[in-house]
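Asker: Protein chains in written order, with the working numbering: chain A, -11 to 98; chain B, 11 to 124.
These are computed hints drawn from the structure, not numbers from a lab. Treat the hints with care, since some could be wrong.
[What the hints assert, rightly or not] Distance ranges between label pairs, derived from CB positions:
1. B/Gly63 x A/Gly30: 35 to 41 angstroms
2. A/Pro67 x B/Ser90: 19 to 25 angstroms
3. A/His44 x B/Asn38: 21 to 27 angstroms
[Stated by the list, open to error] The list that follows gives simulated cross-link-like pairs (lysine to aspartate or glutamate, EDC-like), each with its CA atoms no further than 16 angstroms apart:
4. A/Lys56 x A/Glu3
5. A/Lys93 x B/Asp48
6. B/Lys24 x B/Glu89
7. A/Lys97 x A/Glu3
8. A/Lys90 x B/Asp48
9. B/Lys81 x B/Glu69
10. A/Lys42 x B/Glu112
11. B/Lys81 x B/Asp48
12. B/Lys81 x B/Glu40
Ideal placement from N, C-alpha and C gives every residue a C-beta, glycine not left out.
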Amino acid sequence: KNEVEQSPQNLTAQEGEFITINCSYSVGISALHWLQQHPRGGIVSLFMLSSGKKKHGRLIATINIQEKHSSLHITASHPRDSAVYICAGNYGGSQGNLIFGKGTKLSVKP
Amino acid sequence: NAGVTQTPKFRVLKTGQSMTLLCAQDMNHEYMYWYRQDPGMGLRLIHYSVGEGTTAKGEVPDGYNVSRLKKQNFLLGLESAAPSQTSVYFCASSREGHPNTEAFFGQGTRLTVV
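Okay, chain B solo, but in the shape it has when bound (with noise of 0.2 angstroms):
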């Protein structure tokens, strides 16, 4: 059961680097969502998807865009990588929406822009 799975788990970015990281969930999920974690602080909600096709801005979207064209997979794509970007990123999905179910997280990975 790989639930949800996240590639890469590390990554080292040069400042003005493009890369995309990749979430893939088999449990047929309609929700998916990416999260940054930064210390001291709570996960941050950066963008999310309430269906294949659809995506949605969530709290802190900025310098990020995705795409849900598959219904398994959900892309987070940094265009310019910008030092502040670094942080541990999170993939979830869920059944319904959060109030409704529980949310499965992938591993995350660690991104380093130098």
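Chain A on its own, in the form it takes in the complex (with noise of 0.2 angstroms):
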């Protein structure tokens, strides 16, 4: 079965921390999209990535292929980054055969 793990669910930080945010997928994918959901509930696109590093501002997305694992970083962490972080990995197809992870739960403490 098709699974994307995410760890922490949830994680509460100080402000300008560097944060980390887990996904662990269970089989080979062709990509992999981070989204940010924000607390009004509207979802945006991060990145998508199939190999490598990107980079935009202050958030780093990484992904290893063999390890089957993808990493978000947040660098100075700011109370505006609070928001639910997911990860969905597509499995094939041109479709839309994206599986959701389940989410993180961010919280940046002034």
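Work from the hints to combine the two standalone chains into their complex.
Answerer: Below is the structure:
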């Protein structure tokens, strides 16, 4: 069964801390997505990657295909980073075979 | 820039009632998707469309119907609502299939069936 597991489920950090959210998947994927769900509910795409590393501002996403593992890092965290972070794996096919993790709820305290 | 717009944002239905959720995108995307999000679970695909006039079933299609008569609109219908359909519904669109391009999501529709 294709699965995507995220850890931790909940994460509380102090402003300025370095944050890591992990994502593991059970079967080989063609691409992995990281999404951010704001407290009001809207979802935005952060990264899509199939190998290596991508960086956007204070956010860094890495993927290790051999280990079937991806990480999302946030440097110099800020209260506005508080959100639910979701990883999703594409298990083949172009139509939309995304399997989503349950999300990691991040709270950054000032 | 509207992106992906869902209407309505909130709705309360009685069991057995019907309703249609509208998703509209102004990015000329070919692919559109309807997901539901339930507590403790990841987003699950209900139906999707790879172009105008096409639809296909996702992971949890039962109890829902969809139509894509115009490229920019993807409608999700509930013919006879059930309490199990209480959920938050998200529409998304992408230029190509998910492996190749990012997806753009609407703000969600919170549906309660009583």
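Asker: For every hint, state whether the structure bears it out.
Answerer: Here is how each hint holds up against the structure:
The beta-carbon spacing between B/Gly63 and A/Gly30, approximately 29 angstroms, falls outside the hinted interval of 35 to 41 angstroms. Remark: the range hint 19 to 25 angstroms for A/Pro67 to B/Ser90 is contradicted by a beta-carbon distance near 44 angstroms. Against the hinted window of 21 to 27 angstroms, the Cβ-Cβ separation of A/His44 and B/Asn38 comes to about 24 angstroms, which satisfies the hint. For the suggested pair A/Lys56 and A/Glu3, the alpha carbons sit about 30 angstroms apart, so the restraint of at most 16 angstroms is broken.
Using a Cα cut-off of 16 angstroms, the hinted pair A/Lys93 and B/Asp48 holds, with the two alpha carbons roughly 15 angstroms apart. A distance of roughly 12 angstroms separates the Cα atoms of B/Lys24 and B/Glu89; the hinted pair therefore holds under the 16 angstroms criterion. A threshold of 16 angstroms between alpha carbons decides the hint, and for A/Lys97 with A/Glu3 the separation of about 6 angstroms falls inside it, so the pair holds. Note on A/Lys90 and B/Asp48: the hinted pairing holds, with a Cα-Cα distance of about 10 angstroms set against a maximum of 16 angstroms.
A threshold of 16 angstroms between alpha carbons decides the hint, and for B/Lys81 with B/Glu69 the separation of about 23 angstroms lies outside it, so the pair is violated. A distance of roughly 14 angstroms separates the Cα atoms of A/Lys42 and B/Glu112; the hinted pair therefore holds under the 16 angstroms criterion. Our distance criterion of 16 angstroms between C-alpha atoms is broken by B/Lys81 and B/Asp48, whose separation comes to about 28 angstroms. As the CA atoms of B/Lys81 and B/Glu40 are separated by approximately 7 angstroms, the hinted pair is consistent with the 16 angstroms bound.
The structure fails hints 1, 2, 4, 9 and 11 (numbered hints given earlier, in ascending order).
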